[in-house]
Amino acid sequence: MASQAVLDPAASAAAQPQTDVIIETRNLSKVYRDFWGRQKVRALKALDLEVRRGEIFGLLGPNGSGKTTTIKLLLGLLFPTSGQALVFGKDASDVTKNERIGYLPEESYLYRFLNAEETLDFYGRLFDMPASVRRQRIADLIHLVKLDWAKRRQLKEYSKGMTRRIGLAQALINDPELIVLDEPTTGLDPIGCREMKDLIIDLREKGKTVLMCSHLLADVQDVCDRIAILHQGELKELGRVDSLLKIRDVTEIRASGLSDAAKEEIKAVIARHSGNLVSMDNPTSTLEELFLSIVQDSEARPGRRARVEG
Amino acid sequence: MNRRSFIRKVIYILCIGLLLIPLSYYSQPASVGAANQAVGAGKLAQLREKYKISEASLGEVDPAGETIKLATLGLRGVAVVMLWEKAKTSQMKEDWDGLQATLDQLTKLEPHFLTFWRHQAWNVSYNISVEWDDYHDRYRWVKEGIKLLLQGRRYNDHEPLLIYDIGWTTAQKMGTADEKVQYRRLFREDDDPEFPNHRLRPQNRRDNWLVGQEYYNEAVRLVEDRDASIHRMNPLVFYSEPAMCQIDYAIALEEDGVFEEKAKVGWMEADEYWTKYGAREMRSTIGIQYRLNDKEELEEKIAETATELEAMAPDLRKTISDERLAKLPAEEREVLEAPPDRRDPWRAFGIMMKLNVNHRDFAERITGPQHDKAIELADEVTRMQQLAELINHEREVVNFAYWRLRCRAEKTDAALEARRLLYVGKGLYENAQFEEARENYENAFSEWRKVVDEFPAMVDDTIGGTSLEEAVKGYVDVLKQLDEPFPKNFPIKDVVAAMLRRSSLPIPPEFLQDAVGTELGNPPAPPIRGLDMKDGGNKEAGEKEAEAKGPDSKEPAGKEPSKDDDKQPEAKSEASKDQAEASKENPAEGQKPEADSAKKPEGDEKAE
Amino acid sequence: MVLENQYPPYLEWLFSAGVSPGAFWIWLITMTGVILGGLLIAWVFSSIRYGPMKAGDLIFRTLVGLVGDLTHTSPRRVFALARLAVQESIRRRVLAAFIVFIVILLFAGWFLNPGTTDPAELYLSFVLTATTYLILFMALVLSSFSLPSDIQNKTIYTIVTKPVRPTEVVLGRAVGFSAVGTGLLALMGLFSYFFVVRTLDHTHELTADDLAPRAAGPGGVARPGLEGDTGFTRNHRHHIVLDENGHGYTEPSQDHFHEVTATTRDGQTEYRIGPALNQLKARVPLYGKLSFLDRGGRTTDKGINVGNEWGYRSYIEGGSQAAAIWRFSGLSAAEFPEGINLDMTLRVFRTFKGDVEKGISGSITLRNPQNPKVSYLLRNFVCKEFSIDRQNIPLKFKDKDKEVDLFRDVVSDDGQLDVIIGCLERAQFFGMARPDLYLFKREGTPWVNFVKGYVAIWLQMVLITTFGVMWSTFLNGPIAMLATVGTMVGGYFVGFLESLATNQAFGGGPLEATYRIVTQSNLMSELEKNVTTITAIWADKLLRIPLWIMAKLLPDLSSLSDVDYVADGYNIPLDVLSIHATMSLGFLVPVLILGFLFFKMREVAR
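Chains as they are written, first to last, in this note's numbering: chain Y, 11 to 320; chain B, 3 to 610; chain W, 55 to 660.
Calculated from the structure, these hints are not laboratory results.
Take these hints with a grain of salt, some might be off.
Said to hold, decoys possible - Chain W regions said to be covered by chain Y (calculated; three or more residues, Cβ under 8 Å): (1) 431 to 441; (2) 580 to 592.
As the list claims (entries may be wrong) - Using 30 Å as the maximum straight-line C-alpha spacing, the simulated DSS-like pairs for lysine-lysine come out as follows: (3) W:K412 - W:K438; (4) B:K88 - W:K335; (5) W:K456 - W:K343; (6) W:K108 - Y:K50; (7) W:K356 - B:K95; (8) B:K95 - W:K654; (9) Y:K166 - Y:K100; (10) B:K52 - B:K110; (11) W:K654 - Y:K100; (12) W:K343 - W:K495; (13) Y:K55 - W:K456; (14) B:K71 - B:K266; (15) W:K606 - W:K506; (16) B:K375 - B:K329; (17) B:K90 - W:K335; (18) W:K412 - B:K95; (19) Y:K161 - W:K208; (20) W:K654 - Y:K50; (21) Y:K100 - W:K407; (22) Y:K166 - W:K208; (23) W:K606 - B:K90; (24) W:K407 - B:K95; (25) B:K95 - W:K108; (26) B:K303 - B:K329; (27) B:K95 - B:K264; (28) B:K264 - B:K475; (29) W:K495 - W:K438; (30) W:K208 - Y:K156; (31) B:K52 - B:K88.
Glycine is no exception: its CB is placed at the ideal position from the N, C-alpha and C atoms.
Isolated chain Y (complex conformation) (with noise of 0.2 Å):
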């Protein structure tokens, strides 16, 4: 849908309409502070993001980066030391956003003691579902996560990857607008790696808004639309996973099927133009380059919003 390039944020507020942001964020900041007060860690510097409706946006960072701790802002699990998070419009400490809102945190905390059943019956009752509808939906959940074989089972026999699953069950029991993932994928094999992936996919098909964090570079370069890449609490990045790993002042070109006169005709043209063909395309760096270069960066220069060479 909305798949604009679009690298000013403040840019983009003006131009859409307001109801197409889920997520904002103002100038948030979040300072953990110790029994006595005193300031400990600054986990996020005022942090300005937009997250609009029906895309998938992914947090990236390093361990410690700052990235859970938005999400647990947006959830209002914590409450910012300063600025503002809205979700759907709402500040994030109003319940009644968690209506629409789905959350599979970065490990499943769930009962152990409950079944699949019982543990998506419980939360479907809280979220204050009819017994029919919550059946229904339990049905399919369980069917979608593929869990239907050991549903009778308590959780405390499940595997890290079923757990994982029925996790993300417990999320979408009400069907949210918004899905809030911390990091998906881990723990799962390659095979749920891609199940999960696929799911996430799918869910932007169906017009949902997907926020979620991730370290594993290749799971958000497989799926997010935009991303926003943290550091020691400060935005480093963030923009159009596409247009943030192209390489403006080199061209690949790649091609097949062409005859060795032609490729010497293409040599030639490049060498008439003084240059050295390798391949004929615009090259993408790998998310991890640009990764580790932003964090070099901003090590070398703290403070400072990274620039990367193009």
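On the provided structure of chain Y, position chains B and W as indicated by the hints.
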């Protein structure tokens, strides 16, 4: 990392192993050596044996108690404190069942804590019992206290004091309380299965004094045979109890109207017991060995030896004294020579003491071949005098001379007859047969005359005298009924005069004035040694106190329950009108000399 | 039974109890004070961090949010959370508490002596106390560890990210654990009841040898039948009098009796003694209002104190005009068709020995409150202590030669009656407190009373659970448990705290007391004046303020317990139960609200 933690664990295990070696050495079971002594390794077992702290050697092991102790998870101390507090609150709020349940729990938690048994048993027998008005209930609670002690004895078979307390409660509480008549009757009729052997006893042995005596004897045997400790209790008092019980038994028999052979045997046995007690070798607090009976023999010897010493140089003592007088400074001599009304008596006394020649000084002056012999004799006399003094002191603690005299007097036929006649006379009076009563009374007093003639010290009997006082009063009542004056030729005028001097006779003196008048004005005769009772004449005070069951019979506030002198407040309030019983307080407190001496002035005050 | 604080009727208690304002108004005032104080403290503290304006704004928004939370609380969500709490409790093996209880019952015989004067009281108070302790312990552990462990395990994340209000989380726990407690309590109650009934049940041996023909009655009138004593069981025996057929009832002993039946077979008569009857009781008393006359006949509130540490009873002197007067109201002839039974538990205090064999006698006089000049001597009696002395007031009786009709002459038109007790012997005393004489209305159903006793325990359990949950909203598990234990201990010693706060406790405040303990000086001795003591005394003066606040704010748990009623065999009046329930509610509401607030203000992800 892993490697280091592995090494650390190995070191821990090694340390534990090392510590186990000495532990296993110490905790081996003791091997029994030649003289039944634990020897060799097994240090802990030896120590347990030495201090008698192993569960099994203390008495019965109680699985219930052990379980409950375990269930407190090491908080036994806290639990015990809370339960004591609860017991106190229950008592304050008169929740007797609650108190008993709490005590039951405490017995399980601290079965080897002597003070718990002694204190709470006393508390139940003495304090709780008087909270009830019906004497049946009171008796039941006295018994509860005894049962508690019996239970305590099962867990502590090495504690003579628990048995002593059973004896005390059975004998003294039941025998001297206000309700003694009722208690003694109930005790005789009791068939409580929880009282060991009681149902097996023949009816005539079911006397509280005799049963108490059985327990006292048992306690004495425990000390003699098993070398058990009586802790800080005065042995003088401890060993006197069986004999005292016999005396009390004999008195009680006569009060119950049992005479003839039984009373005679009772008193003869009492005399025997008392003599046996006097012959027991005891050790004073400073470690000197003595026998109470030895005093008279000792005094003879002292006199003999002193005479022998004196005979070595007949005039020497006077010579030395004169020499010293001559050497006195003029000022001191003046003091001595001053006329008595202007003399400073204390100074004079001090100077006189200087002139006094002791045996050693005397012997030193004897010269020649007899010198060594004289010194030897002098030292011996001094030592014997000191011993005699010690015995004298100890005798006073238990009023030895009085009870010996009393036993000897009471076992005479005259005394027995007098007692019988008095008893009969009283009955006749109550039956309104005044003439017959009078006759009996007068015969009784004539018989008593014989007793007093044989034992002149019995004239002023401050302890046993009360029963005689009552007899005189009874006689006076008879006379009043007959409307006759007190006879001028009353046989025991001297005894009555002594009563009047003690002002303990419940008769207006005017009534007796004519008959005994001449003797009334006399100054009180000097008290006879061994008869000057500390508590003499506090009858009225004693009676008043005895009746009031109230705050007085309770433990004074703020008092710690662990004191040894637990019996003191109660003994005081329970002190009966009978001085004989009142005097027993002193033996009871013999374990605590300061309490003993503190009481003396109080008694004297009241006597005046 | 001993009732140290007697409550007025429910409504009177709630809105106005004579001179003191009703409990409700006191509650209202306290709440207002607490709310204002709380707001002030909150404002001061947040001002330090955010500045006064922002602080005010924050507090306002929190309160508005709280109102929103309260109004939007959904029963379904609460139920779901409660159900989760139940499941969690079961998973955490709360049933172990039940097993412990059974074990305790099994071994109770080891330390309970059935031979006491009133074994029913002993057993009942034992089971009720044991149940109370166990259930409160369970409530304590469950409630104070649950939320903290959820927060630690982060399972709370998946809950608070649902549209769940803080109120629902807190309420869910409280309801859930209370439900678990209720179930356990019901089980324990059932087992306890059967335990008590089973253990109290016993019978006695009785053979023909134990019986003898009855002794002649007064005036040498021969009486038919047999009499004798039963065998000795559980430290008691009964005296029995049987009719010619060998049937009869034993005399009561240890507060119960048996039925005796005889069967004759082959000329041999066998006697059978039935089970113990009337062992459990639930007497329904009608209490009166007690006033005294002093020895000169003047009306006073209290009699004489004879020097007891416990000032519960006061005493009247015998042989004087001193008397104790109970005024009863609400009597009707319909309620007492067979006359009125009067139960007395007086105490005797002798100032001199008197006749040991005889008790102290007193008189029962009745009077019509509307016509106080005329009084009717019912009868004289000999005082029996520590047991209930039941005297019957017949519908018609004779005072001297005058025929008196109880309801016509003595009971006033508005159903009032004065019962006057006097002591007849000079210088001897009778002691009494208000509950020591009452009119026996009827015998209630013991098991119903037993259930009421459990309801009282239930109230305590709910209260402790709620406190536990409240503390656990912002403290971690062990600390929350300590806080709850502190609440319990404080709650059981509210009276003591109050005496500390008002400086009425002997030995001074906490610091002075510590000083005394360390220096081993007793409670009454004068303290020497030095820096330490003066500092201690001043610090104690300051400490009195928090102590006073604590004493006022903590629930008086000991007064919530109705164990004594059940154990002593008295019906728990509905008024008392309602008062206790209301008291509990008065604490539950603010404690829950506090819990909501704390949880709302808490960052669960920290």
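Practice prompt. For the pair we were handed, K108 of chain W and K50 of chain Y, check the Cα-Cα distance against 30 Å.
Written response: OK: K108 of chain W and K50 of chain Y at ~23 Å, within 30 Å.
Worksheet entry | Hint consistency between K100 of chain Y and K407 of chain W [alpha-carbon to alpha-carbon, up to 30 Å] | Status violated; Cα separation ~87 Å.
Worksheet item: Within 30 Å, alpha carbon to alpha carbon, are K166 of chain Y and K208 of chain W?
Response: Roughly 16 Å separates the two Cα atoms, so the pair holds.
Discussion item. Please verify whether K95 of chain B and K108 of chain W have alpha carbons no more than 30 Å apart.
Written reply: Violated, at roughly 57 Å.
Discussion item. Would the hint linking K161 of chain Y and K208 of chain W be met if the CA-CA limit is 30 Å?
Written reply: With a Cα-Cα distance of about 23 Å, the restraint between K161 of chain Y and K208 of chain W holds, given a limit of 30 Å.
Worksheet item: Is the straight-line distance between the alpha-carbon of K264 of chain B and that of K475 of chain B 30 Å or less?
Response: Holds, at roughly 27 Å.
Worksheet item: Given the hint that K606 of chain W pairs with K90 of chain B, does the C-alpha gap stay at or below 30 Å?
Response: Distance of about 28 Å is within 30 Å: holds.
Worksheet item: Within a Cα-Cα threshold of 30 Å, do K71 of chain B and K266 of chain B meet the stated pairing?
Response: violated, 54 Å
Worksheet item: If you draw a straight line from the CA of K456 of chain W to the CA of K343 of chain W, is it 30 Å or shorter?
Response: holds, 28 Å
Worksheet item: Taking 30 Å as the top limit, are the C-alpha atoms of K356 of chain W and K95 of chain B close enough?
Response: Given that 30 Å is the threshold and the Cα spacing comes to 18 Å, the pair holds.
Worksheet entry | Claimed coverage, the region 580 to 592 of chain W by chain Y - three or more beta carbons nearer than 8 Å | violated (count 0)
Worksheet item: Taken at face value, is the distance from the CA of K456 of chain W to the CA of K55 of chain Y at most 30 Å?
Response: violated, 101 Å
The earlier numbered hints that this structure contradicts are 1, 2, 8, 9, 13, 14, 21, 25, 26, 27, 31.
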